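Visitor: Could you build all of it, start to finish, from the sequences and the hints given here?
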Amino acid sequence: MQFALLIFESPEAFAARNNNDETDAYLGAWRAYHKALVEAGVYIGGNPLQSPESGTTVRIKEGRRRVQDGPFADTKEQLGGFTILELPSLDAALDWAARCPAASIGAVEVRPVSAEYLRRVTG
Amino acid sequence: MSEGNQESAHRTIERVARESYGRLVAYLSSHTRDVASAEDALSNALLAALTAWPRDGLPQNPEAWLLTTARHSLIDLIRHQQVALASEPTLLLLREGATEAPMSVNFPDERLKLLFVCAHPAIDPAMHTPLMLQTVLGLDAVRIAHAFLVSPTTMGQRLVRAKTKIRDGGIRFEVPQERELPQRLDAVLESIYAAFGIGWDDMAGVDQRGRDLAEEAIWLARVLAELMPNEAEVQGLLALMLHCEARRQARRAPDGRFVPLSEQEPQKWSFPLIEEAERHLAEASRRGRAGRFQLEAAIQSVHAERARSGRTEWPAIMLFYAQLVRISPTLGSRTGYAAGVGEASGPEAGLAVLDGIDPDDVSTYQPYWAVRAHLLQRLGKASEAGDAFERAIGLAEDPAVRRFLLQRRG
Numbered sequence: 026m027q028f029a030l031l032i033f034e035s036p037e038a039f040a041a042r043n044n045n046d047e048t049d050a051y052l053g054a055w056r057a058y059h060k061a062l063v064e065a066g067v068y069i070g071g072n073p074l075q076s077p078e079s080g081t082t083v084r085i086k087e088g089r090r091r092v093q094d095g096p097f098a099d100t101k102e103q104l105g106g107f108t109i110l111e112l113p114s115l116d117a118a119l120d121w122a123a124r125c126p127a128a129s130i131g132a133v134e135v136r137p138v139s140a141e142y143l144r145r146v147t148g
Numbered sequence: 005m006s007e008g009n010q011e012s013a014h015r016t017i018e019r020v021a022r023e024s025y026g027r028l029v030a031y032l033s034s035h036t037r038d039v040a041s042a043e044d045a046l047s048n049a050l051l052a053a054l055t056a057w058p059r060d061g062l063p064q065n066p067e068a069w070l071l072t073t074a075r076h077s078l079i080d081l082i083r084h085q086q087v088a089l090a091s092e093p094t095l096l097l098l099r100e101g102a103t104e105a106p107m108s109v110n111f112p113d114e115r116l117k118l119l120f121v122c123a124h125p126a127i128d129p130a131m132h133t134p135l136m137l138q139t140v141l142g143l144d145a146v147r148i149a150h151a152f153l154v155s156p157t158t159m160g161q162r163l164v165r166a167k168t169k170i171r172d173g174g175i176r177f178e179v180p181q182e183r184e185l186p187q188r189l190d191a192v193l194e195s196i197y198a199a200f201g202i203g204w205d206d207m208a209g210v211d212q213r214g215r216d217l218a219e220e221a222i223w224l225a226r227v228l229a230e231l232m233p234n235e236a237e238v239q240g241l242l243a244l245m246l247h248c249e250a251r252r253q254a255r256r257a258p259d260g261r262f263v264p265l266s267e268q269e270p271q272k273w274s275f276p277l278i279e280e281a282e283r284h285l286a287e288a289s290r291r292g293r294a295g296r297f298q299l300e301a302a303i304q305s306v307h308a309e310r311a312r313s314g315r316t317e318w319p320a321i322m323l324f325y326a327q328l329v330r331i332s333p334t335l336g337s338r339t340g341y342a343a344g345v346g347e348a349s350g351p352e353a354g355l356a357v358l359d360g361i362d363p364d365d366v367s368t369y370q371p372y373w374a375v376r377a378h379l380l381q382r383l384g385k386a387s388e389a390g391d392a393f394e395r396a397i398g399l400a401e402d403p404a405v406r407r408f409l410l411q412r413r414g
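For the protein sequence lines, the chains are A and W, in the order given. Quick note: the first sequence uses this note's numbering, first residue 26, plus one each step. Quick note: the second sequence uses this note's numbering, first residue 5, plus one each step.
If you're looking for bench data, these hints aren't it; they were derived computationally from the structure. Bear in mind that the values here come from a model prediction, so they are computed numbers and not experimental data. Positions of the beta carbon are idealized from the N, C-alpha and C atoms, including for glycine. Mixed in with the good hints there might be a few duds.
What the hints assert, rightly or not - Here are some chain W residues pointing at chain A (derived, C-beta under 8 Å):
hint: 1; residue: 154
hint: 2; residue: 368
hint: 3; residue: 394
hint: 4; residue: 400
hint: 5; residue: 403
hint: 6; residue: 405
What the hints assert, rightly or not - Label-pair restraints from in silico Cβ distances:
hint: 7; chain 1: W; residue 1: 382; chain 2: A; residue 2: 66; range: 28 to 34 Å
hint: 8; chain 1: W; residue 1: 176; chain 2: A; residue 2: 114; range: 29 to 35 Å
hint: 9; chain 1: W; residue 1: 319; chain 2: A; residue 2: 79; range: 56 to 62 Å
Guide: The following block contains the structure:
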């Protein structure tokens, strides 16, 4: 079954991406983590997201478009990316979440992909 | 009631709960096999103590007071639940105990039976350690869940399921017969060691949660060694854990950097713990039956020798690992053997051992990649070493280990 690892990162972690330092330890840890996922044959896909400030949130209220500059929720740690993994169990997903470089400085939420709802949506 | 009295009552309750929890649960559940009810009864008794002791003063024998109160509560619980197992003889037995004068209560230690029940083959092996931590040591499900990386709800449900199995599945509260003892004891030892391993991996020395679990595991092993003084492997396990525990302070530099064993300063090791470990290891070898835990303890003992001799006897380590692989060919022992061979006979020989392990088995096994990276680097194979480092870094959970490997890779 598929699991999404939702990566939550601090403003500092987002800021560190901009220093373009190829020897940055956090970047190095992510490269290694990605490689370990691929080599273990569990990686389905995923993407890092740009900083929360780059987000724009849209709602339709009373038939009108309400556009808000910034992310949906105003919290210290923000969604910084996601990874989709194919794994036999939640326990295996939690093991991979614990190895994620963001787990020790931010947080990683593990959510099973809802295959059932996907079928209802896609028909 | 003065605040001082209240405080001392609370401290006594905490101490008695900590020291007697397992003894009381084991005894209360040994007739009914109903561990969950025994735990409920004991927590009712502890709650009652929180009110009664500060008000009436500490009982002369707090443990006996808890036992008597828990028994009354257990009788009530069983009556209410009308559990099928609450046969008349059981109730009679409980009632007899409950009417005894609390001061004279002297009850047998049934913890050994409880340990064997927790690690019974009919119980999901993944639940052996959590069950022990809860029933013998009184750890709550939230803390256990935390350590095992599962949600508290999930852990709570699994524990309930396991206890129902114990109650209804016909698992007997007994020390196994001689014939099946080695295998059954092995399951008990494995579960204790698993608790220690979790505490150990959990960023030793910095994370209080991890340290606690390692200490709990040592506590369990001490209980077991006290209850089964003639079992060599019990002594071996205790020696192994004490050796590792002795190095806790040395595993991290003051700035939090990870320090590998070969670079640790021996003066930072705890010599009282090393001495205690050596005593248990000597005791084990007098029993004359080698086993997995004794061999692992012997390997750690060779490492500890460096404090005196200033050098590591790698050939001895290699030999102990070779024996270990023979009796217990796990990924861990084979990787350890490769590391020993790498130091004793050179990196090429070490790599040859690693190459003998099926690659499919090691795709998520971090130590394999760390050893491989180290050996390749020593051979000057920079690019292959870099790949192995990458895998080791990607599979590491501990950020300090990750940083260390990133630095080593260069």
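Visitor: Are the hints correct? Go through all of them and say.
Guide: Each hint tested on the structure:
1. 154: The hint holds - residue 154/W has a Cβ within 8 Å of chain A, the shortest such distance being about 7 Å.
2. 368: Since chain A brings a Cβ to about 5 Å from residue 368/W, closer than 8 Å, the hint holds.
3. 394: 5 Å, holds
4. 400: 7 Å, holds
5. 403: The hint holds - residue 403/W has a Cβ within 8 Å of chain A, the shortest such distance being about 4 Å.
6. 405: At about 11 Å, which exceeds the 8 Å cut-off, the nearest Cβ of chain A leaves the hint on residue 405/W violated.
7. 382/W <-> 66/A: 28 to 34 Å: 29 Å, holds
8. 176/W <-> 114/A: 29 to 35 Å: Check passed, 32 Å falls within 29 to 35 Å.
9. 319/W <-> 79/A: 56 to 62 Å: Taking Cβ atoms as reference, residue 319/W and residue 79/A lie about 59 Å apart, which means the hint holds.
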